Amino acid sequence: MTSTTTTPGSATTAVALSGVTKVYGRGANAVLALDGVSLDVAPGEFVCLVGASGCGKSTLLNLVAGLDRVSGGQITLAGDANPGLMFQEPALFPWLTVDANVEVPLKLRRLPRAERRERVAELLRTVHLADFGRKRPHELSGGMRQRVALARTLALETPVLLMDEPFGALDAMTRDILHDELERIWSERKLSVLFVTHNVREAARLADRIILLSSRPGRIIYSTEVDIPRPRRIDSPEVAAIAAEVTERLRTEVGRHGQ
Amino acid sequence: MASDTLTSSARTDAEISGLDALEIAGRDKEVTRGARIWAATWPKLAALAIAIAVWQLVVLSGWKPPYSLPGPLEVGRELIAQAQGPQLWDGLLTTLRRAALGYVFSVAVGLLLGLAVARSTVLRAAIGSMITALQTMPSIAWFPLAILLFELSEKAIFFVVVLGAAPSIANGVISGVDYVPPLLLRAGRNLGARGLNLYRYVIAPAALPAIVAGLKQGWAFSWRSLMAGELLVVGISQTSLGAQLTYSRELSDAPWLLSTMIVILVLGLVVDAAFGAADKAIRRRWGVLDQAGN
Numbered sequence: 001m002t003s004t005t006t007t008p009g010s011a012t013t014a015v016a017l018s019g020v021t022k023v024y025g026r027g028a029n030a031v032l033a034l035d036g037v038s039l040d041v042a043p044g045e046f047v048c049l050v051g052a053s054g055c056g057k058s059t060l061l062n063l064v065a066g067l068d069r070v071s072g073g074q075i076t077l078a079g080d081a082n083p084g085l086m087f088q089e090p091a092l093f094p095w096l097t098v099d100a101n102v103e104v105p106l107k108l109r110r111l112p113r114a115e116r117r118e119r120v121a122e123l124l125r126t127v128h129l130a131d132f133g134r135k136r137p138h139e140l141s142g143g144m145r146q147r148v149a150l151a152r153t154l155a156l157e158t159p160v161l162l163m164d165e166p167f168g169a170l171d172a173m174t175r176d177i178l179h180d181e182l183e184r185i186w187s188e189r190k191l192s193v194l195f196v197t198h199n200v201r202e203a204a205r206l207a208d209r210i211i212l213l214s215s216r217p218g219r220i221i222y223s224t225e226v227d228i229p230r231p232r233r234i235d236s237p238e239v240a241a242i243a244a245e246v247t248e249r250l251r252t253e254v255g256r257h258g259q
Numbered sequence: 001m002a003s004d005t006l007t008s009s010a011r012t013d014a015e016i017s018g019l020d021a022l023e024i025a026g027r028d029k030e031v032t033r034g035a036r037i038w039a040a041t042w043p044k045l046a047a048l049a050i051a052i053a054v055w056q057l058v059v060l061s062g063w064k065p066p067y068s069l070p071g072p073l074e075v076g077r078e079l080i081a082q083a084q085g086p087q088l089w090d091g092l093l094t095t096l097r098r099a100a101l102g103y104v105f106s107v108a109v110g111l112l113l114g115l116a117v118a119r120s121t122v123l124r125a126a127i128g129s130m131i132t133a134l135q136t137m138p139s140i141a142w143f144p145l146a147i148l149l150f151e152l153s154e155k156a157i158f159f160v161v162v163l164g165a166a167p168s169i170a171n172g173v174i175s176g177v178d179y180v181p182p183l184l185l186r187a188g189r190n191l192g193a194r195g196l197n198l199y200r201y202v203i204a205p206a207a208l209p210a211i212v213a214g215l216k217q218g219w220a221f222s223w224r225s226l227m228a229g230e231l232l233v234v235g236i237s238q239t240s241l242g243a244q245l246t247y248s249r250e251l252s253d254a255p256w257l258l259s260t261m262i263v264i265l266v267l268g269l270v271v272d273a274a275f276g277a278a279d280k281a282i283r284r285r286w287g288v289l290d291q292a293g294n
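Sequence order for the protein chains is B and C. Just so you know, we're using the working numbering here: the first sequence kicks off at 1 and counts up by one. Just so you know, we're using the working numbering here: the second sequence kicks off at 1 and counts up by one.
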């Protein structure tokens with residue numbers, strides 16, 4: 001799909017989906033959630049998946065994250081990386097401090113204590129929360145919690161980041177800032193991101209490529225490259241133009257279900 | 001372009017810390033320790049004073065003769081006298097030893113049983129509802145069988161205490177595990193916690209509040225079972241709080257009876273307060289305490 005320069009020892013795709021199908025239930029009650037979705041995410045590419053309700057966006061991320069099994073087709077991750085997954089809710093552990101939350105994946109990877117501490121401090125600096133390590137999640141605002149969740153996911157040190165409407169529950173101001181933050185971290189760490197959203201503007205603000213999914217069943221119906229130079233602003237005319245185009249297609253798709 | 005990025009990132013830094021400061025401002029409310037303790041204590045003291053006053057009024061009204069219902073002063077004097085002799089302490093020690101033994105065993109059985117039922121659908125279908133049924137059985141109803149099986153012995157008491165407490169504890173574990181938010185499970189699995197690690201890092205801590213509630217209820221059941229048992233099983237040579245209740249009734253020694261009852265009540269309150277403190281500490285960590293700190 002996307003051409004990338006091949007350097008020796010590195011794969012050309014970070015995530016490869018070929019003909020991925022997902023069926024829920026059996027017999028007459030079976031629901032086809034995803035139907036033959038093929039998609040390659042290049043290393044360092046930022047891909048946004050856009051679609052209306054019921055397009056199986058979250059299903060797709062669960063499958064890539066290995067939390068659910070495909071009914072057909074195949075998902076390949078470069079170097080068998082375990083991708084990091086972020087949700088609309090921060091999903092922080094309320095019984096742990098911010099420090100300890102970020103430390104969980106490091107503990108599970110059995111890193112020695114001194115190294116864990118160093119990495120936690122570094123990760124919290126990355127998301128601008130260096131002074132909040134001792135707090136508990138409930139003492140932070142929604143945007144701060146989501147940044148802690150980002151730091152915790154980054155602690156997996158995985159090249160692939162899956163994000164399921166991570167900023168959907170935040171106010172516009174906070175969301176703007178987190179877009180800047182995510183863009184910075186993505187380019188610094190050379191991450192491959194698969195980002196699900198129903199907010200077309202957000203997709204145009206962030207993505208290298210926007211992919212539109214149809215609803216019931218989820219199929220790829222449109223894909224466009226976004227080559228606006230970075231850093232971008234969500235209120236720039238270029239972003240608005242791309243968003244308008246994708247919105248038009250999304251409306252047509254939604255309208256199809258009204259008949 | 002490069003300078004563009006730089007200024008934009010400096011702007012972002014300032015914005016972020018500004019927004020953070022605004023959003024969490026005013027969330028910390030400091031109350032002094034003394035004020036907090038006083039706020040928690042005075043209603044209890046007031047209630048105690050009212051209870052003693054009502055008791056005294058009932059005695060003064062002459063509703064019952066003083067040899068069957070003595071006043072607070074007389075009972076207080078008896079309590080002090082008892083506290084100076086060895087009998088109360090011996091009884092207390094026996095009762096506490098039995099309580100601890102029965103409860104610790106119940107906790108072990110309840111935790112294992114609860115975990116097994118929570119994990120296995122077959123076990124749940126088989127004995128899940130039976131555990132709840134066991135819980136509804138009044139412990140005193142077990143004693144005839146216990147006495148047939150173990151005679152008037154420590155074992156009979158132990159048997160009933162465990163039957164009373166273990167189902168509550170198991171139920172606490174089951175509901176705790178059932179109500180772990182699925183989102184946290186997914187997050188935990190994504191962070192690399194599988195199998196036993198998922199229990200250690202996610203399920204056990206997430207289920208803790210319900211488990212503590214089960215432990216508390218289990219304690220209440222075991223304490224009641226124990227008192228019932230000690231009242232019935234008095235043939236044993238050792239003295240105990242329950243046995244002292246029986247003796248004092250047989251001797252029509254009302255002050256002794258009431259002072260023993262007060263000891264039992266206070267003991268129950270102390271343990272209850274310990275569970276309450278544990279529960280509150282957990283809720284504070286989880287951030288589910290309300291504004292008043294309750």
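The set of hints was computed from the structure by calculation and includes no laboratory data. Watch out, some of these pointers could steer you wrong.
[Said to hold, decoys possible] Below, computed lysine-lysine pairings styled on DSBU-like, alpha-carbon distance capped at 35 Å:
id, chain 1, residue 1, chain 2, residue 2
1, C, Lys216, C, Lys280
2, B, Lys107, B, Lys190
3, C, Lys64, C, Lys280
4, C, Lys155, B, Lys135
5, B, Lys135, B, Lys107
6, C, Lys44, C, Lys64
7, B, Lys107, C, Lys280
8, B, Lys135, C, Lys64
9, C, Lys44, C, Lys216
10, C, Lys155, B, Lys107
11, C, Lys216, C, Lys155
12, B, Lys190, B, Lys135
13, B, Lys135, C, Lys216
[What the hints assert, rightly or not] Below, a sample of chain B positions facing chain C; criterion: calculated Cβ distance under 10 Å:
id, residue
14, Val31
15, Val70
16, Arg109
17, Asp180
Here the structure is a predicted model, which is why all the values come from computation and not from measurement. Built from N, CA and C at the ideal position, the CB exists for glycine as well.
Task: List of violated hint numbers, smallest to largest - done: 3, 4, 8, 10, 14, 15
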